[in-house]
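Protein chains: 4
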Amino acid sequence: MAGNTFGKNFKVTTWGESHGPAIGVVIDGCPAGLPLCEEDIQPMMDRRHPQPTPVFNPYGVEIEAAPVNKRKEPDKIRILSGVFEGMTTGTPISIMIENTDVKSKDYDDLKDVYRPGHADYTFDMKYGIRDHRGGGRSSGRETAARVAAGAIAVKILDELGIKISSDITYLGFADEDDSAGGTVECVVTGMPAGVGETVFDKLDARLGQAVMSIGAVKAFEVGAGVMASQLTGSMNNDEFIVLDGKITKNTNNAGGILGGMSDGDEIVIKAYFKPTPSISKPQNTVNKNGEEVTITISGRHDDNVVEKAQVVVEAMVAVTLVDALFENMHSRLDKIKEFYR
Amino acid sequence: MAGNTFGKNFKVTTWGESHGPAIGVVIDGCPAGLPLCEEDIQPMMDRRHPQPTPVFNPYGVEIEAAPVNKRKEPDKIRILSGVFEGMTTGTPISIMIENTDVKSKDYDDLKDVYRPGHADYTFDMKYGIRDHRGGGRSSGRETAARVAAGAIAVKILDELGIKISSDITYLGFADEDDSAGGTVECVVTGMPAGVGETVFDKLDARLGQAVMSIGAVKAFEVGAGVMASQLTGSMNNDEFIVLDGKITKNTNNAGGILGGMSDGDEIVIKAYFKPTPSISKPQNTVNKNGEEVTITISGRHDDNVVEKAQVVVEAMVAVTLVDALFENMHSRLDKIKEFYR
Amino acid sequence: MAGNTFGKNFKVTTWGESHGPAIGVVIDGCPAGLPLCEEDIQPMMDRRHPQPTPVFNPYGVEIEAAPVNKRKEPDKIRILSGVFEGMTTGTPISIMIENTDVKSKDYDDLKDVYRPGHADYTFDMKYGIRDHRGGGRSSGRETAARVAAGAIAVKILDELGIKISSDITYLGFADEDDSAGGTVECVVTGMPAGVGETVFDKLDARLGQAVMSIGAVKAFEVGAGVMASQLTGSMNNDEFIVLDGKITKNTNNAGGILGGMSDGDEIVIKAYFKPTPSISKPQNTVNKNGEEVTITISGRHDDNVVEKAQVVVEAMVAVTLVDALFENMHSRLDKIKEFYR
Amino acid sequence: MAGNTFGKNFKVTTWGESHGPAIGVVIDGCPAGLPLCEEDIQPMMDRRHPQPTPVFNPYGVEIEAAPVNKRKEPDKIRILSGVFEGMTTGTPISIMIENTDVKSKDYDDLKDVYRPGHADYTFDMKYGIRDHRGGGRSSGRETAARVAAGAIAVKILDELGIKISSDITYLGFADEDDSAGGTVECVVTGMPAGVGETVFDKLDARLGQAVMSIGAVKAFEVGAGVMASQLTGSMNNDEFIVLDGKITKNTNNAGGILGGMSDGDEIVIKAYFKPTPSISKPQNTVNKNGEEVTITISGRHDDNVVEKAQVVVEAMVAVTLVDALFENMHSRLDKIKEFYR
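Protein chains in written order, with the working numbering: chain A, 1 to 341; chain B, 1 to 341; chain C, 1 to 341; chain D, 1 to 341.
If you are wondering where the hints come from, they were derived from the structure by calculation, not from laboratory data.
Incorrect hints may appear among the rest.
Pairs count within a copy or across copies, as identical chains cannot be separated in the list.
In silico DSSO-like links for lysine-lysine, alpha-carbon gap of 27 Å or less [as the list claims (entries may be wrong)]:
1) K281 with K308
2) K246 with K308
3) K246 with K281
4) K76 with K281
5) K288 with K335
6) K288 with K155
7) K246 with K288
8) K337 with K8
Computed from a predicted model, the values in this text were never measured in an experiment.
Chain A extracted, bound-state conformation (with noise of 0.2 Å):
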C-alpha cells in the first residue's frame, strides 16, 4: 500500500486507523519561512466537524431541533517538527491527532462481515487481514489528516494571494435509518496562468486524483464538466477578450484550465459524493465464510458526509494547487537564471 503519498514536490503522506492511538500526517516540501502554529491549522480541522442545525418547514418553523453530534471528535492537533519559534524551517512538518472516544467494542458484530459499500471485501483480499474496527485505514478519519495538511497549503496559497471557497450545491435528504449524498463546488480565484504540466500531469488531472481519492466521491468534473460533452464546440468555447488592459476569456466553461494549465481565470471543479453507506436499515449481505447474513450497522457515522467533506474538498485542492505552483517554477530558463542570480 505505497499509496499514502500525494504530491511530487509537496508531498503529503497520511498514516492512522481511525481506532488505533492517533492518526497524523508528514508535510514534506513545504517552504521555509512560513508563519505557522496549531491555531493556524486548527480552525480548518474544525469545519469537518459542522455545527449541527435545525430542519425548518418551509414557513421556516422549526420542526426538528439539532441533533447532537454523533461522536465528539475534537480532532485536535500537535505539531511535533518542522517549526522553530513560530516559522516552519523547511524540514518535514508532522502532525498528530490522537483518536479519543475510541468505542472499539460497536464493531465486534460486523468483524467478518463484509457491509455493503464498504471497503471490508476488498481490504480482505487485498490483504488478507484488517484493522475492522470502524472502517480502519478507510475510514472518513483519514481526512483529518489531510485537511490538516491542507490547511498549511492554505496558508502558503494565502501568501500568493490564492482563495479557495467552496459551496454545497447539492445536498441530498433520506429518512432517519438511511443516508444521502450531495455535490460539492469548489472554486480558486487569483491563480496565475501557466500553472500545471501539459500531458499527464494536466492541472485538472492531478486534480481528479486528488478529489477522486477522497472515499465517497464518485464523479468529478472541470468546468462545464458533463455538460460540455453535450454543446457545440461554438457553445463552449470561451473567447478570449481584453478587459482593462488583460486578456482573459469572456465565459469559463474551460473552469480555468486550458490544455492542462491554469489560464487565470476562476478554477471551478465540481465533486460529486455518493450516500454513506453506513445505515441503519436492515441490508442483506455476505460475510467472511460465505454465509449470507443481514445486517443493521450502529455505531459512530453520519447520515450524509458531503457537510463533513467539503472542506476535505478545499484541502486536497489546496495540495495539488501548491504542488503545481511549485513544479512549475523550473518550466523556463530565464526565470531559472533570475533565481540564481
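Given the coordinates of chain A, assemble chains B, C and D onto it according to the supplied hints.
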C-alpha cells in the same frame, strides 16, 4: 514540464510534437517474456482512425457519402528497443511514429493568435515560447503514443485474462462548421479483487487522473457516478451475495471499485468529452499583442474527436490497470515469501 | 526539502529535529502479515547506543575505565499505526520516538556561529532560517528514525532468509578533545540472484545513495571497490564455477552485484566515515554576521560516531534491499501470471 | 526494470540495446528558452571516443603507433522533439542515436556463456531471457544516451555560471590481452550554496547514485573521501574564513558539500573504475547449462574504458546538479512569493 510520464511500475513516457519529425513513447517496466511485434500494436493504432461512415436518413437511405479523412496519418509504429527475437526482454521499449503528411504552413496565420478552447494562451503564459504548428505538444496527435503503450498494456492484461472494451454512449452532432462532444464508457472484465491502493492511489483516483489527462475530457465518473450523488444509501449500496459458491454483488453502482480497490466485478468508468475547439465558424479572440481579432480555423481537425478518442480511453485504462496490478504484488508477506521461495 | 523519503515500494519517510518534541518515521509499503510489535524494533534501536567499553593496553591491562555515556537517549519507540493484533495490516506504520533529556540551552552560544564541518552554514544559505539546537534536522539523531524503519526491513529480510551483518573494519583514535572516523563493512547473505535494476537503479547505485545519505559518510564502495581500479581484468574478474550443482563464483570482487543486479553471492559494501565535526578543541570560524570567531564545542556529542552509526548502515542497506526485492517482483511475465492465477 | 529514469525534475530516461536499431534518451523537464541544436550536443558525444594516442618511451620516442579504433561509432545524434526554431520549448526532448557498424555475429559464440564480470548471468537470473549481443542493455553503449542528456544539462549549468571538468587521476595499464581500470576526479565550480536536500536526497547521496550507476564504477567518494576516515576532526574540519568580504572555507575536505547541501566551494567527487571485464585472455566460466567452459572474448571492446567513461561521469554529475538546482527553487517562501509576484 516533467509531467510526461504516467505510472510508477509500468511507466509510460510520451514525447513529440504534432509537426516535428516524429512522436513516440518509452515504456519502462514491461516484464520480460511477452511476445511482441509491431503487428501486435498496429491494430489498436488504426482504431484512432475510425473508418468514415456515410450518413443515412431514418429510412435507411444514404443521404451523404462517407467523407474522405482530412488527414492521412498511417501512425506506422516502429519498435526500437526492448524486444529481442519477438519477445520483450524487460528493458525499456521505445516506439517511434514518424510524422508524415505534415503541412505546417497551414498554421502560419494562427502563429500569434490564441485560439479559443486551445492551449495556445496557457502555453505562452507558462513557457513564453511555443511550437504553434497544429497544437504542438497539446495536439491530439500525442495520444497516438499513448495508444502504442496502451496496446502493450492490453496484451499484458490479456495474458492475465483481463479484457477492456468501450462504447460511445453519447455522440453529439454539429453542423458542418461547428463541432460536438460525446461520452465514452469503458468496461473492464476479469479484474481480480484487491487491486488498487487505499488512500491517494485508489484505483478510481488513478483512473481519474489517467482519463482526465486526455485532452478534451472534462468529467470522469466511476460506476453510478454523478447519479450516485442523488441516490439514498439503501439504493446505492450493492448487496453482497453468493453466486455459484463465489462472493459477488447483485448490483454494481460501485463500478467494480470499493475503497479504492477492485472488488472482482466489472470496472465501469465514463469519460465526458467536450466538443473539439477547432471550428471553422468565425470566432472572436485575442492575439499575442493583446489585439482583438476574428478567426476561422482551417487545417486538419475533426468535427468530433470522440470516435478517435475512444481507443485512447481504453489505452489509459489499460496502462493504469497494469501499473496497479504490479504494485499490488507486494501487498502480502505470504505472497512475497512464495515468490522468493 | 522534499527529500525525506527513501524508496519507491517500501517507502521510508523520516521527520523530526534533535531538540523538538519528537522524531519519527512513516513506513509505507510494508506488506500485510508480518508479526510486529515494539519489542521487535527496540533491540536494533538500542544498538545505536553501544555499551561503553574500557580501554586496555596491549598487555590486557585496563588503563581507562569505560566512560559514562554523555547523553542518555532511550530511543523508546511507539508504534502508532499499521499494526493490528500484533500483525502488520499493509497500511502505513507510523513510529514515534519522543525526545527526552533535551538541553537546548547548551546550544545558545552557537546560535549564530557556523561550526566547521557542520550543516549550519549551508542550512542558512538554503532556508535563511534554521533550528540551531543540536544540529536540528541534520543531527545524528535523525538516524534513529532510519533504524526503526530498518528494523522492520530486517524482519522482512529475515522471513526471506536474508541476513545482514556488519563490522567496524577500521576505527580511528583521537585525543580527548578531538574526534576520529572509521570504516564499516556490511555483508548480506542469502540474497537471491537477479534483484536490482540494470541502469540508473542498479542495486549498488541505490545502496550508494542509501549509505552516502548517512551524515558522516564520505565514501562508498562495493566489493573490491577502490582496489578494483588498480587490478587488471584477469585479476578482478570473478570466474563462474559450479559448486554442489549450483552456479557460483570462485571469488567475489564484484561484491555480489553484477550489472546492477545481485548475483546470488554475498553482497559486500563499505562506508567510510569522517571524524565527527563536533570537537572541544578551539576552532576558527565565522558567524552569521561575517565576523571571524573562535569556538569550542561542548554539548552532547561523541568522539567517534562509527560505533553508533554501524547499525544505521545496516538499516539503510536493509531498507534498500527490501525496496529492490519488491520492485523485482514484476520483472517477468511468467511470474506475474503465476501470481495472479 | 522500471529503473531507466534518473532525476525528479530534470528527468532523464534512456532506452536501447547495443545491437538493436538505435538507442536514445528522453529528457523531460528541460526548461523552455535554452538555445539548442544537434551541434551543441555532438562535441560531448565525440568525447566518448577519445582520439587514440601513440605510446612514447620515457625519452619521448614513439614506440608504438596510435592504434586504430576498434569500433567506429559516430554516435550521430538526432533531436526529434522539444526544440522549435533552435530553442527548447519546455516539452520533452527526444534524442535518437542509430546503431551502425553492428556486427552481431561476433557474439553468437557467447550466446549461452556467462562472461566473468559481465551481467550475463544476472540478466538471465532476473529476466529468464536476454539480448546477448554485445552486452545488450548493459553495454557501455547505453552511456551514449546519458552523455546526450548530460550535454543539455551542461548547457543549462553554463547559463547559470556553473562549470564541470574532470581529470583521470589514475589510469591503469595492462598487457595487450588484459584490461585495466582507473580513477576519474570531477570538479564543479560556480555552484551556489544551499543546493541539495538534507536527508535522503543529500547532494552527495544523489551524486553517489548517479556515479555508481555507471557500469564499471565500484567506488565513489566526495571531498577527502576514503582519506577522511583516517583523519581527526581537527584535521578534517574545514575552517570558515572571510575572503574578499565573502564567507568561504580555507580547505575543502568536505568536497563542497556540507549536510548534503552545496557550500559554495568547488564540488569534488571521485569515481573508481574496475578494469573492463572483456579480455581476450582465456577465462574459465560456466554456460547456461551449468557446464564449465573456457572462453576468450573478441569483438568490439576497449582495454581501458576510463578515457571513454570520463565524459560519462561529467554527464551524470551535470544531470544531478540540474535536478537539484530545480528542486531547490521551492525551498523558501520569500523566493516563491518573489517568483509569483
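- Query: Between copies, within a copy, both or neither: which fits K288 and K155 at Cα up to 27 Å?
  - Reply: neither (46 Å within a copy, 29 Å between copies)
- Query: When no copy is specified for K76 and K281, does a C-alpha distance of 27 Å or less occur within a copy, between copies, both, or neither?
  - Reply: neither (33 Å within a copy, 46 Å between copies)
- Have a look at K337 and K8 and pick one of within, between, both or neither, based on CA distance no larger than 27 Å. Close inside one copy (23 Å) and across copies (20 Å); limit 27 Å.
- Item | Status of K281 relative to K246 across identical chains (alpha carbons, at most 27 Å) | Answer is between: at 25 Å across copies they meet the 27 Å cutoff, but 57 Å inside does not.
- Message: I want to check one pair: K281 and K308. Are their C-alpha atoms no more than 27 Å apart within a copy, between two copies, both, or neither?
- Response: Within. Shortest intra-copy distance 22 Å satisfies the 27 Å Cα cut-off; inter-copy 46 Å does not.
- Classify it for me, K288 with K335: is the Cα-Cα distance of at most 27 Å met within a copy, between copies, both or neither? between (59 Å within a copy, 20 Å between copies)
- Between the shortest in-copy and the shortest cross-copy C-alpha distance, which are at most 27 Å for K246 and K288: within, between, both, or neither? between (63 Å within a copy, 11 Å between copies)
- Pop the pair K246 and K308 into one bin, within, between, both or neither, using alpha-carbon distances up to 27 Å. neither (38 Å within a copy, 36 Å between copies)
Checked against the numbered hints given earlier, this structure breaks hints 2, 4 and 6; the rest are met.
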